[in-house]
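Trainee: Listed below, chain by chain, are the residues.
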Amino acid sequence: MINLGTITTQPKISLTTSQLSRANCWDHILARLGYRRSEHRVEPGLYAIGKPTSDSQVFVTANYSLSFDALRSNLEGKDGYILVLDTQGVNVWCAAGKKTFGTEEVVLRVIGTQLKKIVNHRVLILPQLGAPGVAYQEVKKRTGFKVEFGPVRAADLPEYLKTHQATPDMRRVKFTVRDRLALIPVDLFRLLLPGLLVALVVYFLLGGLIPALSVLAALFSAGILFPLLLPWLPTHNFSTKGYFLGFLTALPFALSVFSRHPDRSWYHQGALGVGFLLAMPAVIAYITLNFTGSSTFTSKTGVRREMFAYLPFMAWTFAVGTILLVTSVFIH
Amino acid sequence: MFDAYAVNTLAYEADLCNGCAMCVAVCPHAVFEMNGRKALLTRPLACMECGACQLNCVTGAIKVESGVGCANAMIRAALLGKPEAECSCG
Chain A
1 MINLGTITTQ PKISLTTSQL SRANCWDHIL ARLGYRRSEH RVEPGLYAIG
51 KPTSDSQVFV TANYSLSFDA LRSNLEGKDG YILVLDTQGV NVWCAAGKKT
101 FGTEEVVLRV IGTQLKKIVN HRVLILPQLG APGVAYQEVK KRTGFKVEFG
151 PVRAADLPEY LKTHQATPDM RRVKFTVRDR LALIPVDLFR LLLPGLLVAL
201 VVYFLLGGLI PALSVLAALF SAGILFPLLL PWLPTHNFST KGYFLGFLTA
251 LPFALSVFSR HPDRSWYHQG ALGVGFLLAM PAVIAYITLN FTGSSTFTSK
301 TGVRREMFAY LPFMAWTFAV GTILLVTSVF IH
Chain B
1001 MFDAYAVNTL AYEADLCNGC AMCVAVCPHA VFEMNGRKAL LTRPLACMEC
1051 GACQLNCVTG AIKVESGVGC ANAMIRAALL GKPEAECSCG
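Listed in order, the protein sequences are those of chains A and B. So that you can map any letter, position 61 of the first sequence is 61 in our numbering, and since no number is skipped, the others follow by simple counting. Start counting at 1 in the second sequence, then tack on 1000, and there's your number in our numbering.
Don't read these hints as lab results, they were simulated from the structure. C-beta atoms are modelled at their ideal positions from N, C-alpha and C, and glycine is treated no differently. Mixed in with the good hints there might be a few duds.
[What the hints assert, rightly or not] Examples of chain B residues lying across from chain A (beta carbon under 8 Å, computed):
1. Phe1002
2. Asp1003
3. Tyr1005
4. Ala1021
5. Ala1025
6. His1029
7. Cys1050
8. Ala1071
[As the list claims (entries may be wrong)] List of simulated lysine-lysine pairs, DSS-like, C-alpha gap at most 27 Å:
9. B:Lys1082 <-> A:Lys174
10. A:Lys99 <-> B:Lys1082
11. B:Lys1082 <-> A:Lys146
12. B:Lys1082 <-> B:Lys1063
13. A:Lys116 <-> A:Lys162
14. B:Lys1063 <-> A:Lys116
15. A:Lys140 <-> B:Lys1082
16. A:Lys98 <-> B:Lys1082
17. A:Lys146 <-> B:Lys1063
18. A:Lys140 <-> B:Lys1063
[Stated by the list, open to error] Okay, the calculated beta carbon distance ranges per label pair:
19. B:Arg1076 <-> A:Leu216: 22 to 30 Å
20. B:Arg1043 <-> A:Phe204: 48 to 56 Å
21. B:Met1034 <-> A:Phe189: 38 to 46 Å
22. B:Asp1015 <-> A:Glu159: 30 to 38 Å
23. B:Arg1076 <-> A:Glu159: 48 to 56 Å
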């Protein structure tokens, strides 16, 4: 919500630069690690970059520090205004999905900052990924400003600003190895503590290093290998991709049963092996199904279909696998 | 069975298109393409239902049930008994 107290006769304009400080870089690292995720914020409002005049362009962004910094660092040598919306510290695309990067917020900010008094033109340049939240015709009607959707990535802005025409490539969202690598720490750190706890419990309950290692191996596969290998894993569904990777991860653990327990009967060995093959892929597939939200292309319809198709299967295979593993420890 | 993404809710009525090309500009997956004065739905299955095209289509030619394609959000919504999934990462 806009703070009415800031509407004074003299528009308030903060200053910023295209330079990223060491503090900014440290903030980016913490954000990438998921530390205090919603606290990487910039004060919403109007900013001046360079030496803008009343003819300078206005760029709109979210008040997530990574979004704001991506924009300003790509405006090096340019004079302009940056209108920061209050998205509660959420990036442009996700905030657009929640409509906090939305028509209402754009309209209120334009009015609240008295932008009409500051610039002569009536154009706002928005990131393309703000479009799920912003209806251009509505902004035009209520503020008089024309919304121009710029490129997806701020890095393409210098090129875009030469012609104000985005190439088809600038319009496409990608999910490169680099993009996927950047996502690994957040998920891994979130899973690490519960993972270690489960590994400890397994170590003492099942009394073995190998079962405890299987928990960590599952985390490693789902948290690191899966994002890296995503495009090359077979099938389209994240669950089946996860099952494929999970089966490969579980196989050495299942086979290790025969060398570790040569003295046990074949059905005892079999139960343990099958236990690993059922429980581990289920856990991995569950985590990888949850990676749909981090990806850039899954639809709500598709994810819902995946969930209905595979969640019950995951629950059953996990339960049966765990029962096999636990009982074979107590039954000799 | 292995492709849950073979269907989605995107619907396009070409008769209503006024050729403004906003759908082409806002779509992150090149689902639409301009063909003269009309938008063409060329890659319907690449749609991720973000809803940007529908919101920016002044003639109402595009309809899509938009929402977040995030299992985590939907599982949480189901567990909390909420009707609509809402993303709550960072």
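Trainee: Does each hint hold? Answer for all of them.
Mentor: Each hint, compared with the structure:
1. Phe1002: Since the shortest Cβ distance to chain A is 4 Å, the answer is holds.
2. Asp1003: Result: holds, 4 Å to nearest chain A Cβ.
3. Tyr1005: Cβ of B:Tyr1005 sits 4 Å from chain A, so the hint holds.
4. Ala1021: With a closest approach of 11 Å, the B:Ala1021 hint is violated.
5. Ala1025: holds, 5 Å
6. His1029: OK, holds: B:His1029 within 8 Å of chain A, min 7 Å.
7. Cys1050: holds, 4 Å
8. Ala1071: Hint holds; B:Ala1071 Cβ to chain A Cβ min 5 Å, cut 8 Å.
9. B:Lys1082 <-> A:Lys174: With a Cα-Cα distance of about 31 Å, the restraint between B:Lys1082 and A:Lys174 is violated, given a limit of 27 Å.
10. A:Lys99 <-> B:Lys1082: At roughly 18 Å apart (the allowed maximum being 27 Å), B:Lys1082 and A:Lys99 satisfy the hint.
11. B:Lys1082 <-> A:Lys146: violated, 37 Å
12. B:Lys1082 <-> B:Lys1063: Answer holds: B:Lys1082 to B:Lys1063 is near 24 Å, not above 27 Å.
13. A:Lys116 <-> A:Lys162: holds, 24 Å
14. B:Lys1063 <-> A:Lys116: Roughly 34 Å separates the two Cα atoms, so the pair is violated.
15. A:Lys140 <-> B:Lys1082: Violated, because 34 Å separates the two Cα atoms, which is more than 27 Å.
16. A:Lys98 <-> B:Lys1082: holds, 15 Å
17. A:Lys146 <-> B:Lys1063: Distance of about 24 Å is within 27 Å: holds.
18. A:Lys140 <-> B:Lys1063: holds, 22 Å
19. B:Arg1076 <-> A:Leu216: 22 to 30 Å: holds, 26 Å
20. B:Arg1043 <-> A:Phe204: 48 to 56 Å: holds, 53 Å
21. B:Met1034 <-> A:Phe189: 38 to 46 Å: holds, 44 Å
22. B:Asp1015 <-> A:Glu159: 30 to 38 Å: Since B:Asp1015 and A:Glu159 have Cβ atoms about 36 Å apart, the given range 30 to 38 Å holds.
23. B:Arg1076 <-> A:Glu159: 48 to 56 Å: violated, 40 Å
The structure is inconsistent with the numbered hints 4, 9, 11, 14, 15, 23, although it conforms to all the rest.
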